[in-house]
Amino acid sequence: MSARLLPGLVLFLDIDEPELDLNRLEQYVASSATFITVLTHNYFISHNCLREVRAAAAGAKRLVRVHEADVKKGGASLVELQKECLQCDLRAKESDDDTVHDYVFGAGGGGGGIIGWHRYADFALVSHRLILEQLLLG
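Per my numbering, the very first residue in the sequence shown carries number 40; after that it's consecutive.
Calculated from the structure, these hints are not laboratory results.
Some hints could be false.
Label pairs and their computed distance ranges (CB to CB) [said to hold, decoys possible]:
#	residue 1	residue 2	range
1	Y159	A97	30 to 40 Å
2	L175	I84	23 to 33 Å
3	D161	N62	36 to 46 Å
4	P46	K122	37 to 47 Å
5	G145	A72	18 to 28 Å
6	N62	F162	33 to 43 Å
7	Q126	A97	12 to 22 Å
8	D60	Y159	33 to 43 Å
9	G151	S116	15 to 25 Å
The model shown is predicted, which means the values in this text are computed figures rather than measured ones.
Here a beta-carbon is modelled for each residue, glycine too, at the ideal position from N, C-alpha and C.
Model the full assembly from the supplied sequences, consistent with the hints where possible.
Listed below in structure tokens is the structure:
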């Protein structure tokens with residue numbers, strides 16, 4: 040959908056890459072201009088998601104935040120996600136890692152606010168347009 044709205048846009052979606060090398064996640068992020076994160080339940084518990092978001096924060100990548108609120112689709116409330124993220128930061132402090140919370144929920148990632156993800160056609164189009172707007176502003 041996004042590529043149709045903005046011809047020439049190249050998107051890398053890790054879950055759609057058949058040849059994805061998990062050992063190179065940080066390199067994939069480093070080669071990206073912008074990092075789009077889809078905030079879902081257990082996002083901050085996933086080892087690979089944390090690797091990606093930490094690489095994005097370390098590289099000061101522009102961040103586009105998309106929120107999946109529908110619990111039936113793996114979503115969670117923003118309050119729950121912030122709690123998960125803070126727990127992740129507490130675990131990281133034991134290893135002197137940078138804070139993920141400020142990057143995702145604070146000013147660290149720059150850019151606009153958190154975009155709600157919608158599936159109904161007209162609302163989905165709005166979600167896509169808001170994502171593309173943040174990409175263009177980056």
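Verification of the hints:
no.	hint	in the structure
1	Y159 with A97: 30 to 40 Å	holds, 37 Å
2	L175 with I84: 23 to 33 Å	holds, 32 Å
3	D161 with N62: 36 to 46 Å	holds, 41 Å
4	P46 with K122: 37 to 47 Å	holds, 40 Å
5	G145 with A72: 18 to 28 Å	holds, 21 Å
6	N62 with F162: 33 to 43 Å	holds, 38 Å
7	Q126 with A97: 12 to 22 Å	holds, 20 Å
8	D60 with Y159: 33 to 43 Å	holds, 36 Å
9	G151 with S116: 15 to 25 Å	holds, 20 Å
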